[in-house]
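Taken in sequence, the protein lines are chains H and W. Taking our numbering, the leading residue of the first sequence gets 89, the next gets one more, and so forth. Taking our numbering, the leading residue of the second sequence gets 35, the next gets one more, and so forth.
Note that these hints are calculated values from the structure, not bench results. There could be a bad hint or two in this list.
Output of the computed footprint for chain W on chain H, the stretches with three or more beta carbons under 8 Å from beta carbons of chain W [stated by the list, open to error]:
(1) 91-103
(2) 108-120
(3) 128-139
(4) 144-158
(5) 170-183
(6) 189-199
C-beta atoms are modelled at their ideal positions from N, C-alpha and C, and glycine is treated no differently.
If you want the building blocks of each chain, they are given just below.
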Amino acid sequence: MTVLLAAAAAGLFAIGTYLLLQRKLSRIIIGLGLLTHGANLLLITAGRRGDPPIVGTGPESAFADPLPQALALTAIVITFGVTVLLLSLAFRSWLLTRDDEVQDDVGDRAVAGADVVHDEVSDQEQVIAREEAP
Amino acid sequence: MIAALAALALTGLVLIAFGARLGRRAFLIGAVPLAAATTYVALQLPLVTSGQQVTERAGWAADLGLTIELRLDGLSATMSLIIGAVGVCVLFYAAQYFASDARDLGRLAGLLVLFAGSMLGLVLADQLLVLYACWELTSVTSFLLIGNRHTESRARAAALHALLVTSAGGLALLAGLVILGEAAGSYRLSEILQDPPASGTAVTAAMILMLLGAFTKSAQYPFHAWLPGAMAAPTPVSAYLHSATMVKAGVFLVAVLAPTFATADLWRPLVLTVGCATLIFGGLRALRQHDLKLLLAFGTVSQLGLLMVLFGAGTRGTAIAGWMLLVAHASFKGALFMVVGMIDRHTGTRDIRDIPPLLGAWRPVRLVALLAAGSMAGVPLGAGFVAKEYIYESLDVASFPGVALVFAIVVVGSMLTVAYSWRFYGGAFVAPRRRPSGDRAPVGAPSFSFLAPAAALALVGLVLGVAPWIGDGLANASIAAYGGIGEIHLSLWHGFGIPLALSVLALAGGAALALGDRWIQPLLARGGSIPSGAEVYVATLRALGIAAARVTGFVQSGSLPVYVGVIMATAALLPAGALLLGWEWHGWPGFGRLSEAPVTAVLLLAALGAAIIRRRFSAAVFLGVAGYAMAGLFVLSGAPDLALTQVAVETLFTVVFVLVLRRLPEEFERQSSSRRRVIRLAIAASVGITVFVLALAAAGVRLSPPVSEEMVARSVPDGHGRNVVNVILVDFRGFDTMGEITVLAVAAIGAVALARVGRRAAEARGVAPRPTAPVRRLAFVDVSVRVVFYAVLMMSLWLLFAGHNQPGGGFVGGLLAGSAITLIYIAGGIDEVRALSRFRPWTVLGTGLLLAAGTAAAPLLGGGAVLEAGSATLELPLVGAVSVSSTLSFDTGVYIAVVGMVLMAFDAFGDDPAEAAS
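Just chain H, with the same shape it has in the complex (with noise of 0.2 Å):
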């Protein structure tokens, strides 16, 4: 881990973090791309740096650390096959509006406003009614 790199890590992980906070589907795409990046440069620098770790090119001693690596290149195919799935929801947000901003939730702006009676209430409140009136 150096300085550049964490600082290139930070640079990453909060442009990206701009990005992933707007409105436009293609905007956060773009923005989670960029956290990925950030995510896998600190995935690679948390272990040791050196020589490409191919058995039989140099000392085992110099070698960079594998297992990070490992994890990066997981990552980085898993997130191509998300990203591919996102790009279907800004397609198919495309086919139904023409363009492709995240609308509110109607679902949830519609229990904001509401003051919900549940049924289990009402089922005891109508049964003291009645006990009440003999």
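Mind docking chain W on chain H? Use the hints.
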């Protein structure tokens, strides 16, 4: 004992699942395991009465310290006999109570048996958590039993009320049990009681929480309202649960804890106050009821209060009195509920203002009711009288603070008991004869087998009332925890003394109340202005619902940026706070090599550009540049595999991104206000700073040598490969890779499903897909692609095969093959891609997954572990010795899966814009 519980559980479940056609016989079938359990307990009585405990244990989750431990001592033997005997009587009674064509009897019988099993487990439990589990099981089965007629809103409301109150108490009980167990260092009840933890705030808190659980379960004031409501259950259920067994669970818990805790500061004031209040309140409300069942329910509430007082007082004498009352109450309450059921069945009403005169053949029923009601009132020759004698005697000699007041309240409570006992008997049998009956035909009397269970219970009460010394052994075993001198000898006659005088006084006072009923009713009616328990419950529910809606409305505003912002801010601030609190500064790590500076600069500038730029395509290109810069960093860090993968992924990603972007508007519109932008910048900056500090802090904290040293050492001997990263991916950590390609498959399926749904809807509507417009092909692209395609494909296959010993592998190979497919797409459009092979993309993907999974599972056939790698050395004629490893087929599966994924991505997005817009 465990076998008995298991038999009950099994029978109950079988009856619920398959008992639909059994009808009333289901009850008789259910009585068999219950009778067997009772017999077993009865056979253990000689052991128990000689002072020993019978214990059994079975492992459950031994690593967590959970074992099922059961113990049979005096008090639990008493309760077990009550549960078993009353249960068998109730089951026989239920077989007569329900009409032969009633529905769902199998379920009812099964639930009753399940309840009996869980109640039995509760009283036998020696381990705190087993106790809690059985406690909650009784709540759940009670809920299902009360709500048996689930189409009636009254039954549903009552069942929910009971469940909510008893479960809330159950949660408090759990907290108390856990605190107690942790404070005592052991979760075994017998150990805790013998060696109690030192008193302190923890133990006091645990005590109060456990008492809260006991109060809700035993319907103490103010948690009592669920018990009258539970009368919506069928009468056999009420006779079992709500008079004899379930409501006694709280009293049982208090009885078990009292010897140890009674001397604690808060115990007696709390328990005695609540018990006395319940005693008086229940009695007063009982005097106002017209419905026989509700009268008995409030009577039960009152008696439970008295039991709570007796057991909670914590002296030897009151414990004996409590034991006697426990047994007596089970017998007389059960019998009385059964009588109510008989009256209800034969006359159709339970209201004392409407019951027709019950003459002639009803004489046996009247006798049973008289015996039971007399026992309840404390008339001599009933078990209740003996209990009352012991109650007065013990309270007379007890010496805890406040005993005089408690004594007086108990006497008043006894008067109320006499009064409502008379109200019951008189209202059911005496008053109807005085009313003008008109020309109603005499009501048919219950058959012998209908009456028999109630008669049996009343007979038990009579026998115990006349010859109470029968219960000597069990009574002595039940108070063993109190120590003290000598054995108790239960007797009927205690001589002339204060107890007898008080008994007479209570009978007289009660008789006076009963005779003066006309003047008392208006007084009692004034008490109706106090909000009843049910009203408080409903108000609480309503307030809870409104509060929940308000909080949800505030927190869940529906806006995605708000949700993400909250998540990211928390993710940044929580670790930052933890770091600030506990971190020691180890000094700055090195600045970094100079060779990395340009690459890092390109990376950050490209990222910045992707964020700021307004045009969508340009933003995508900048993102691609950032990705290539990352690949450069990977090369500088000694990760060639990673760099290859990153380059391939970035290329493919940019292509797919552009495929989707080409349909969207060209520019991002400027949207948000400057205030929102400032908030976003603030959250982003905090995340960045946290990550920076986190990265620096993580630099200096390595404590142990890394795991990968062993992986490097084993790579050639065990993994048969020199590329350590690839060996890790397909061999040492092969499961991760299996999961990875599964994720790829799932994502690909989702993407295709989402993207093609518009097209499928159009096809369903019958709109024929428009013929694809012929793609304008550029000659030189066409030709060069044909040449390059095969070269790239060869390269990808080489990467696959060589990956085990050099940078490469299944992932890189598959991605490179995907790039080759991209070239085909650029040259000829989606039709060319589809023409590449007969197989649909998902077939390719599935084949890859199957190959990888098959390679992983194959070792199982030979007795090895999953993903165990094997290798062989083949002698090929011209080439010589070639060593082949099974990881190659795994890697090939990965390769094919990645190719399938790319094909699916193209299938989803690759159609011409004009066609997809239909």
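Are any of the numbered hints broken by this structure? If so, which, sorted upward?
none
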